[in-house]
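Protein sequence lines, in the order shown, are assigned to chains B and P. My numbering numbers the first residue of the first sequence as 1 and each following residue consecutively. My numbering numbers the first residue of the second sequence as 414 and each following residue consecutively.
Derived by calculation from the structure, the hints in this document are not laboratory data. Where is the CB? At the ideal position from N, CA and C, for every residue including glycine. Watch out, some of these pointers could steer you wrong.
To be verified - These stretches of chain P come out as covered by chain B in the derived footprint (C-beta under 8 Å, 3 or more residues):
(1) 447-456
(2) 581-590
(3) 599-612
(4) 619-630
What the hints assert, rightly or not - Computed spacing ranges between beta-carbons, pair by pair:
(5) Leu560(P) - Asp86(B): 39 to 45 Å
(6) Leu219(B) - Gly664(P): 53 to 59 Å
(7) Glu661(P) - Leu400(B): 53 to 59 Å
(8) Pro137(B) - Ser691(P): 41 to 47 Å
(9) Asp396(B) - Arg501(P): 32 to 38 Å
Next come the chains, spelled out residue by residue.
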Amino acid sequence: MNRQVDRKTLGSYLGSLALLGLAVFAGCDAPKAQFQPNLVYARSRLVESNEDLSKPEVRVQLEDVADILAALMGTPDEPRLPALPDIDWSPLLQLDQLQRAAGPVGSDESGTEHGLYRQHCVHCHGITGDGLGPTAPFLNPYPRDYRRGLFKFKSTPTTLPPTKDDLHRILREGIAGTAMPSFKVLTEDEREALVQYVTYLAIRGQIERALIYEISENLDPGQRLIDLTLKEKDPDLYQEQLDVVLAIAADTVSPWLEADSQMTEVPPPPENWNTPESIAEGKRLFFTSLASCSKCHGDLALGDGQTNDYDEWTKELQPGNPDALKEFLALGALEPRHILPRNLRKGVYRGGRRPVDLFWRIKNGIPGTPMPAASQELTNDQIWHLIAYVRSLPFDAIALPRQHKPSVPRERL
Amino acid sequence: MRIRALVGSGCCVLGAAILAVAGCGPGAGPKIQVDLDRADAIRSALRRAAGAGEEEGGEEEVAEPTGFATLVGRIRFEGTVPAPKQLRVDKDVEVCRPGGRPVLSQEFVVNSENRGLKNVLIFVSSKIPSGDPKWEHESYLAQREALLTGDKAFDQKACRFLAHVYAMRSTQTLEIINSDPVGHNVKIDPPTTKVASTNVTVPANGGKATWKPGGESNVPVSVACNIHPWMSAYILPRDNPFFAVTDENGGFRIDYVPAGVELEFRVWQERIGFVSGSVTLNGQTIKLSKGRIKKVKLEPDQETSWEFVFTDALFD
Numbered sequence: 001m002n003r004q005v006d007r008k009t010l011g012s013y014l015g016s017l018a019l020l021g022l023a024v025f026a027g028c029d030a031p032k033a034q035f036q037p038n039l040v041y042a043r044s045r046l047v048e049s050n051e052d053l054s055k056p057e058v059r060v061q062l063e064d065v066a067d068i069l070a071a072l073m074g075t076p077d078e079p080r081l082p083a084l085p086d087i088d089w090s091p092l093l094q095l096d097q098l099q100r101a102a103g104p105v106g107s108d109e110s111g112t113e114h115g116l117y118r119q120h121c122v123h124c125h126g127i128t129g130d131g132l133g134p135t136a137p138f139l140n141p142y143p144r145d146y147r148r149g150l151f152k153f154k155s156t157p158t159t160l161p162p163t164k165d166d167l168h169r170i171l172r173e174g175i176a177g178t179a180m181p182s183f184k185v186l187t188e189d190e191r192e193a194l195v196q197y198v199t200y201l202a203i204r205g206q207i208e209r210a211l212i213y214e215i216s217e218n219l220d221p222g223q224r225l226i227d228l229t230l231k232e233k234d235p236d237l238y239q240e241q242l243d244v245v246l247a248i249a250a251d252t253v254s255p256w257l258e259a260d261s262q263m264t265e266v267p268p269p270p271e272n273w274n275t276p277e278s279i280a281e282g283k284r285l286f287f288t289s290l291a292s293c294s295k296c297h298g299d300l301a302l303g304d305g306q307t308n309d310y311d312e313w314t315k316e317l318q319p320g321n322p323d324a325l326k327e328f329l330a331l332g333a334l335e336p337r338h339i340l341p342r343n344l345r346k347g348v349y350r351g352g353r354r355p356v357d358l359f360w361r362i363k364n365g366i367p368g369t370p371m372p373a374a375s376q377e378l379t380n381d382q383i384w385h386l387i388a389y390v391r392s393l394p395f396d397a398i399a400l401p402r403q404h405k406p407s408v409p410r411e412r413l
Numbered sequence: 414m415r416i417r418a419l420v421g422s423g424c425c426v427l428g429a430a431i432l433a434v435a436g437c438g439p440g441a442g443p444k445i446q447v448d449l450d451r452a453d454a455i456r457s458a459l460r461r462a463a464g465a466g467e468e469e470g471g472e473e474e475v476a477e478p479t480g481f482a483t484l485v486g487r488i489r490f491e492g493t494v495p496a497p498k499q500l501r502v503d504k505d506v507e508v509c510r511p512g513g514r515p516v517l518s519q520e521f522v523v524n525s526e527n528r529g530l531k532n533v534l535i536f537v538s539s540k541i542p543s544g545d546p547k548w549e550h551e552s553y554l555a556q557r558e559a560l561l562t563g564d565k566a567f568d569q570k571a572c573r574f575l576a577h578v579y580a581m582r583s584t585q586t587l588e589i590i591n592s593d594p595v596g597h598n599v600k601i602d603p604p605t606t607k608v609a610s611t612n613v614t615v616p617a618n619g620g621k622a623t624w625k626p627g628g629e630s631n632v633p634v635s636v637a638c639n640i641h642p643w644m645s646a647y648i649l650p651r652d653n654p655f656f657a658v659t660d661e662n663g664g665f666r667i668d669y670v671p672a673g674v675e676l677e678f679r680v681w682q683e684r685i686g687f688v689s690g691s692v693t694l695n696g697q698t699i700k701l702s703k704g705r706i707k708k709v710k711l712e713p714d715q716e717t718s719w720e721f722v723f724t725d726a727l728f729d
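Chain B on its own, in the form it takes in the complex (with noise of 0.2 Å):
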């Protein structure tokens, strides 16, 4: 009997284990991947709650905003590139590229290797390009979010996204000071495969963005982006959806088209500069209102002048309103955190730490963030003479450790 007891209690066990296992391993890998619908946004923008984004109206305008995502861009398996009045994608993106980069991992006869994006980026910045994947929680600063097509560190004016070369040398060189590694070990094709794959997510996600954008600002509750049964019913309106639809996504993509040409020159620097002299002047401009350095970075350059701001990705999570933000965290918002100026002390330059990627620093700033871009009245070579004053500050005496004093081991006793 009491063997039948425990042979029961066993397969209780081994139930449960069972269903343990199912969670573990069918939870989420099991179905095809899919992309994410960007709520965060959809609930700043179109209600006032969590709640109200289950309402039938909110509902069918997300749905509407999936499917054509779906129509344009296609699925995390099947990329798509859309035919779009006045765009040619060819220098930008190529669908084979974009088929290596999508789907699942793998490798073909001729041992080329696809599904490069689940293979080295899906961890940290998720299937939809989101920055949400499982590790994104554990790591500071948290991975890029790509959807709104900002990136940091880039050779182009403010207003524009990043050149190709750009995205290939963040690839190639990583982003010292956080999780973001080298991938030298890809080659030079896969690595174009990536830029081009994280290129049409940014734009993926622009363009949701944009949708939702249109939904909030311009359609009524409930109203459609697209009516498919409005074809025969009022054709003038249909024709319209479709072309606003269509103008919204070429839009996105046009600034992305011309930015590869756009990259800021860098001239050379001035005779003297890193000299004392050079090095001098940089920190006097360091604190005039010219450049305005010390505002944020701190009289000592420590990255202490502010504190409290946020950078746009976390703006969007109301941090000031603790209710709302309570929402934007139940629908998967990572918990915010300040922007800190950098600490210009420690010598480590997430965007590159040669010259001219300072230059660019400073010369443009760091879009998505408060670091702004330098007054048109600030001269290349003041520019040049902050760069040398910045490049000095690890080696001053106050950025170094506590220096050893010599003292007499007898004295100790």
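We have chain B; now place chain P onto it with these hints.
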């Protein structure tokens, strides 16, 4: 024995619970599923439309204006005026809080004498050909690509943007000035890629920067300064010139509005965004949805007056 069985089945329940919780997505939101068949149908429709656009292009005949009209008006507020929020000014206080006086939010400014509501935007939202002399009076055409400078510049003093709500044409260039003895940065983050973003340092004592929106938006874009985070303003960039911001008496005026054609106007206020709900227009109650006043047809060479009353119910 019973207890053991209970423990066993408890484990089962636990397992099931984990299965349910571990689920997939983040949780609280609705599950939005893609309908792949519908996506296919939309794809073919869009492909046809993209192709058609290239071939035909502007085949549609639109009605043309028969002249120009003037629109004037005033917005009055009725009801309890909410106490303005006090802003936290904690930096450069000698400049930003002159005399130590509290700095108040300009989100909702009502004139205490005539109850005029300041900083309300009212603009033509219909699609209108930009730069077309049939639609635009020559005084507008002359200013179409102007540099907005002098008294039209976007100035800041005592860590406030002097124009809290501002409107301009997307083809114009705005001069941004800093009349403070401390440095500012001006950060403009449009919610749409059609409008150029910017974030630029503006040096003290008359330092300048420029910004050209390049495209239009239906909602004003927000302007901020990261050095002084309490500073805020809004700029509406429009392709056409038919817009106004109410002054300290709640008054507005738009000259040379295309007459004899049906236009749509929209009304926006910072606190509530596009005005939705019942308002009184020239004594009649009308209901606005997303700030829209539809099918407005003005008589050429006439002056039309719109007297609005907004009540506190709108702002609840």
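Okay, the hints, checked on the actual structure:
no. : hint                              : verdict
1   : 447-456                           : holds (count 9)
2   : 581-590                           : violated (count 0)
3   : 599-612                           : holds (count 11)
4   : 619-630                           : holds (count 5)
5   : Leu560(P) - Asp86(B): 39 to 45 Å  : 29 Å, violated
6   : Leu219(B) - Gly664(P): 53 to 59 Å : 31 Å, violated
7   : Glu661(P) - Leu400(B): 53 to 59 Å : 57 Å, holds
8   : Pro137(B) - Ser691(P): 41 to 47 Å : 46 Å, holds
9   : Asp396(B) - Arg501(P): 32 to 38 Å : 33 Å, holds
Figure legend: structure checked against the earlier numbered hints; hints not met, in rising order: 2, 5, 6.
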